[in-house]
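Trainee: Listed here are the chains, written in short residue letters.
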Amino acid sequence: MFRRKRNASDFSAEIEAHIELEAARLQEQGLSYEDARTAARRAFGNVTHAQEHFYESGRWLAPEHLWQDVRYGLRMLRKSPGFTAIAVLTIALGIGATTAIFSVVDATLFHPLPYAQPDQLVRIEDDLPGVGAQDVGMSVPEWHDLQSSGIFDNVSPIGGGDVNLTGASQPERIPFLNVTPNYFAVLGVKPQLGSAFNPEDHTPGFTLEVLISDGLWKRAFAADPGILGKSLRLDNDLYRVIGVMPADFHDPGRTAVERSTDIWAASGFAAAPAPPPLRNARFLQTAIARIKPGVTIDVAQSQLNALVAAMQKQFPVDYPLQNAWSVRLVPLKESVVGNVRQSLILLLGAVGLVLLIGCVNIANLLLARASARGREMAIRQALGAARKRLMSQLLTESLLLSLLGGIGGLVILFCTKGFLLRMVPDSLPRLNEVSTNTPVLLFALVASLVAGAIFGLAPAFHAGRLDLIPMLKQEGRASTGTGEQARTRRVLVIIEFALSLVLMVAAGLLLRSFWDLLNVRPGFNPQSVMVVRTWLPVPNDPATDVYGTAAQEETLLHEMLRRGRTLPGVEEVAIGDLAAVPLGHGWRDLNPYPLMLEGREAHSGETPFVNRSTVTPEYFHLLSMPLLSGRPFNESDNDKVPRVAVINEALARKYWPGEDPLGKRFKRPADSSWTTVIGVIANARTESLSEATAPGIYMSAYQRTPKDLAIFLRGRLDAAAIPVELREQVQSVDPGLPVFGAQTLDDAVSASLSTRRFSMEMVGLFALTALLLAGLGIYGVISYIVSERTHEIGIRLALGAQRNSILQMVLRQGLALAIAGAAVGLVCALIVSHLMAGLLYGVKPVDPLTFAGVALLLVGVALLACYIPARRAIRVDPIIALRYE
Amino acid sequence: MSTQETESRLELLQGTLDLLILRTLIFGSQHGQGIARAIQQTSDEELLVEHGALYPALQRLEERGWISAKWGVSTNNRKARFYSLTSAGRKQLGKETTKWKRFAAAIGRILEAEEV
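Residue numbers (this note's numbering), protein chains in the order written: chain F, 1 to 885; chain S, 1 to 116.
Chain S on its own, in the form it takes in the complex (with noise of 0.2 Å):
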């Protein structure tokens, strides 16, 4: 893995790596490296997420509520803290998602108008 790759990476908005964090949970619990990894797989690699970042914002999340821990064993045997969605969560999920494709799409709408 070079810099160079690193670099090309889209840097998340503020803001958005809880909600990316609270939809990769959907599929089921995962701990903190593997959030990591599905967000830039699912992303198609074009997604940094900085791994320092991740862990204050799980434990944010965490202390809400949206999400539980415990900690457990990985599929390569290795111990790991493993994170879950609650049902206060997926609500919140939920919103986070409605409200972000109307952000979305309302910049959207904003830049093609722009473009003619």
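Same shape as in the complex, but just chain F (with noise of 0.2 Å):
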């Protein structure tokens, strides 16, 4: 049944021996062979008509139309191929570009995460909404009742920071987590080499076993096969490395330094160095778990609500009812990738519209080649060439077009990566899974057919409804396009301003909202700062600790404040926690202090959590801190006296309201003695530039034991050999310390708007991009119409028009279009920039300033790109014109 038909030659030989034994039927009744065989032909009718019946009644026919169209599409590629150049290069940019934005988007949101059964995993978060207080952490008796709960399969703290890895030439300091021994149990991840945690040990301190990952076992033991039962020293102590993950295993963090984590330590949390565990101790800074299987998120949180109410009821004192404490649980994967969505969708919308603008632009082209090649397709018409098969060779052109764009694309792509991959900010979760593979491949393959499709329809319609005797009337020159084609390429300019418009206007809002916030007055003085920084090792065993007191410590930070003086170039120096770096420290340095004050206990349940920093008393005026009331801390605030804070603004404003906060007293609920507010400081954008002020406390550094030291240096400093310098002169203070993270502040603060940057530099490029396109768009169109209007002209210009008002009027074409294009446009952009509401900072979604900015741009590119086939048309020689037709 599906054989392939005769070929044609066999079915023209069988036509050609009928003609043939006709003929010797007629010649038989006496007709010369001559005559005989033209009658034979004029019986048989039309020879070319049976063949072609033959031909199509095929079913085999479709590929056979489909090969004859390609080889004649890539001829008529090739026959012109400037403009094939053209349309491939647009095409490839944007097919590049597209894809490699969905790479990223791709990798990041649409993957599962690379853990066992990810759908089950969750990120648990305890909120106090009572108080204001998102994300507060757990305690130890929490995460027992939660993993006995019967809800999760293993429930596992993560808290750390970093670990001071000693040994090796240099102290090195190296991400860390400390987790729960069923940590790898939750992710359902093996080490590659050697074994996780037991998931049942019950070690109530460390287990001093640690895993490392393939990162650190290749750049500190050059993949040493034997590393197994090796020990490492970290903080003082020696741990023994019983595995090492493999190489694409990151921890599910939510920054980067989180997903970077180098080493795995388990502890239960509930001897030393852990604080004892009590049930209002949230030291355990957040967890992650393991749904039971076959049970959804929801019927899990349902479940957690009802174990939370009964758990209020048990522990009243724990849980007071106004904190209205809840405790959420958050998918896995949205608590990686949750922040980043809007922007990348952003992006991906942004670099789509950018390749719709292309297809636009190349359907405007191939329009004009449409009217060029309007006699080819009249005349093949009136050979008897169906419409149909004219308009699908059309489309064929514009498929082969683009798919030929789509694998330019993929080269730009391919060859591009690595510098691409490095302008996207690092703080950007789980770019390290970018990757083209099938998806994205496939991806490029459809955009390639739909670009394709897009472009290839305008043209194919158009010959479709080629009117033939016009079209032949004309003599030998290409014909000037049908009305309705010239129409179609109006709206389809109309319709590239208007997007492109829309994505201006996006870059306008964020390129407002990036500049407000440079602009921004931080509170704090960034320039010629340098943070260096260096942490005090923190052994389990407290009789070790070399720098357990205050006192202990105040001995240190002295001497590095007296050494830090010496370096060159050096005019102060301070010392801080890393919650004292201002914009340069995570979420999880910040220390949340629960603020009971003092004739307030009553209240104690509503302990609402503020920002706390440790600093030396020369920190606010190395950042020129300005204080508004009381004073600074000064030397003699140590431990032989009680402790005294600084507070800011915010935090008098909300606690102090109408009151002089100075003398007042506060603590936390489970401290005894109480802290003295000394003075209050100005605001400071410390936590984000975006954000208002958080109410926050300074604490002496020589009254507490801060570990994760920053020394602050200002002066004309050299930042290449500061570093160095400093590290000298520490470490010949005490060797063992690492010195580590040195960065200008002015690089921090930069650093912070990363991701606000590239998503702006990004929407940027493609406004450009689309800009550009528009403006050779509409060149294009009024070059067509003027150079069709040549004859007119000349005729206005003979009969007396004055050049300035022809001028006149081919601009005032243009400007007619761009503006209904802007009209459009500025409706979209109103939505779009509605749902970018939350990517802005300062700016109103409907901003007068950008939106009438954006439009008159616009505008005048247009204006710009009319006037110069403008200024050909008042060129024209009216004698020349004349005789053009």
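One should not assume that every hint holds.
[Stated by the list, open to error] The calculated EDC-like cross-link candidates involving lysine to aspartate or glutamate, where the alpha carbons are at most 16 Å apart (straight line), are: (1) S:79 / F:10; (2) S:79 / F:20; (3) F:664 / F:601; (4) S:70 / F:10; (5) S:79 / F:601.
[As the list claims (entries may be wrong)] Output of the computed footprint for chain S on chain F, the stretches with three or more beta carbons under 8 Å from beta carbons of chain S: (6) 17-28; (7) 35-48.
[Unchecked claim] A few chain F residues that don't get close to chain S, going by computed Cβ distances all over 12 Å: (8) 106; (9) 145; (10) 202; (11) 224; (12) 420; (13) 465; (14) 520.
If you're looking for bench data, these hints aren't it; they were derived computationally from the structure. The beta carbon of each residue, even a glycine, is placed where N, CA and C say it ideally should be.
Taking the hints as your guide, dock the two standalone chains into a single complex.
Mentor: What follows is the structure, given as structure tokens:
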């Protein structure tokens, strides 16, 4: 049934045989050979028609036609290399950029997390909405309750930060996570070498076993296969390496630092160095968990809500109702990528728009070409080509163009991959999972085909509706397009302008947000300040801690300050903890402080959490943070006197509105002694440039024992030399201290904006491309109109029209298109700008300045693009123009 | 052969060519030109078989499996493609013949009734 039909030559042979037989019969009747053959042919009718009929009746025709169309299409593309190059390049850039963004979106948003049954994984966040606190962490008894609740397979709290790895040539600071022994069981991941922690291990303190990352194994141990069982000295304690994780394993953390964890150590969080496991001691920073198989997150959440309600009844003192304590399950993937979703989707939308504008541009070019090829099409139709065949021929040509473009795009993508990935900020989660895999390639293919269909449909449609007679009447030269074609081209230009305007408004709003952020008065002066970090080890046995008391640490801090001041160029030195580094720390370095105010102990359940930093007296002056009242810290604020604190204006306004906060006292609920407010400092945006300052307190470094130290230096500093010189100084005090993380405060400020900068730059780039394409589009259409009207313009000039009025006439036409496009675009931009409101800072989604500016810019570009053909129009020589027809 | 002769002939009704081809082939295998001649002669030169339409029809019948074809040599020693009826074709002929006869009779009755 499906065998190949007879081939066409067999059929022709049969027809030839027929004619011979018929001619022979007629010859017998007395006709000459010639006459007989002619008569036989006449009797047969249209041989070609029969052959075509034969040809088209076959089921195997479609691929044959396609192949024919493809060959013809390739020939046509080769015949006009300029056009082909422009079209293929436009599509290649569009597809390349779209596919690049898509590959990032695909890896971050679409792929499941690379752990076993990732849908069952959640992050557990505790909120106290009653006191406006979110994600306040969990206490050890709560963890035990959750673990035994029957809702989860396993719950693993995660804490930690960095750890000093000593023993190599330099003490190294390593991103480290303190997890519970069931951590790897939660994620369902096995080490590539050795074994994971025993999930049943109930050691209260550290198990003194660690797993290390593939990166650390290769970097620090040269991928030594005998690493298992070797000891590492971490913060002065010896840990045994029991496993090496696979290269593609990363902690599902919310920050880049967490995701780059190199060492995992396990503890039960119930013995030193952890504080006593009290129910209201929420020192477990976060927790991940695996829900029991077959239970959805929603079901688990409702079970959890019931559990929380029961616990509030059981422990009314620990869970006062006013706090409204609640426990939230966040899908683990959401907690990893949730905050970049909007930016990524915006980028994908923006790049998609650029591709669309590119398509519209090519459709325009194709239409222009179609009018030049109108005669070819008309002649082919007159010779009997079916309209359907002509349309499919044109569509094939377009699809060929877009597929070539798609291939070109992938080539560009492969060649620039490394460069592109470097442009993406490191803070983007799951960056290491970005790859050009099958879905990405499939996306490129589909995008190319869709693009080809978009720009191929208009010309194909017009070819199907050609009016033959006027086309054929025109002699020899290329025909002018039909009125309908010209209309379509104008509509396409309007669409182009509208899309460009949308993109430019988006870019404009992002640019204004970014500009406003850069010009925010942060409340501190980051100029000529460098921050260098060190870390005092925290041994598991407090008795071996040489910096265990404030007095011990004060000696060290004084020595570091003194040595710091001797470095070349240094004018001022201060020391603080990591929380004191403006914009230079993660959320978990903040040490949320449960604030209980004196005289309001009755409301102790309402203790709000505030930010806390620890600093030496020089800190405020070094960062030019003005004191509003009271006094800053001084050298005698040490552990021999009662604790004192400086608070920020935000805290003073919130908790002592209309009162003088100086002399007021507060403490943590667990503390025995009070802390007295001695000064109020002006608000500084040390957490985020885009958010108003949160209430915060500053403690004196000499009264506490901060471990995560940051040394601040101000002066004319040599950014390359300072870290080396400072390391020498610090290590001459204690050779076991790592010195790392040197950066200028300006860089920290700038890095805090990296995701914003990335999306702004990308959208800006796309918007510029769109503007260029729209300009080219309107240039093409106006040039075409001018060349079409050369004759008319010649007559007008000959009849005495002013060149100026001709210029105005042409410009007016372009302007009308641009304004129509801008009007449509403004409406679309209103919708888009509201959708991206979450990405804006300081500007409203309907920012009249941005909208007006962008519209004006677009119209200006349109005028410029029209001016060139308009100039050509007024230079028309009437004599030549009149001869033109 | 003059054009006048051609014009006076009846053109075939749509769909009847297939039936006529099948019927002609019941007497044995024949080539295209032979089939056309046979239809014309048997109908006393009343029916016009347009040769150009014959071959697509033959092609169609062959594809449906009602006739089969192979190249052979004609009586006057010329190469030609010979068609013969298959058993499926024979069945089809039976069906088509009955259908046509009922159709012709019905038309006939109507026309005669009108004449009364």
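Trainee: Give a verdict on every hint.
Mentor: Structure-based check of all given hints:
no. : hint          : result
1   : S:79 / F:10   : holds, 12 Å
2   : S:79 / F:20   : holds, 9 Å
3   : F:664 / F:601 : holds, 13 Å
4   : S:70 / F:10   : holds, 11 Å
5   : S:79 / F:601  : violated, 116 Å
6   : 17-28         : holds (count 8)
7   : 35-48         : holds (count 6)
8   : 106           : holds, 48 Å
9   : 145           : holds, 78 Å
10  : 202           : holds, 80 Å
11  : 224           : holds, 74 Å
12  : 420           : holds, 56 Å
13  : 465           : holds, 30 Å
14  : 520           : holds, 79 Å
Figure legend: structure checked against the earlier numbered hints; the only hint not met is number 5.
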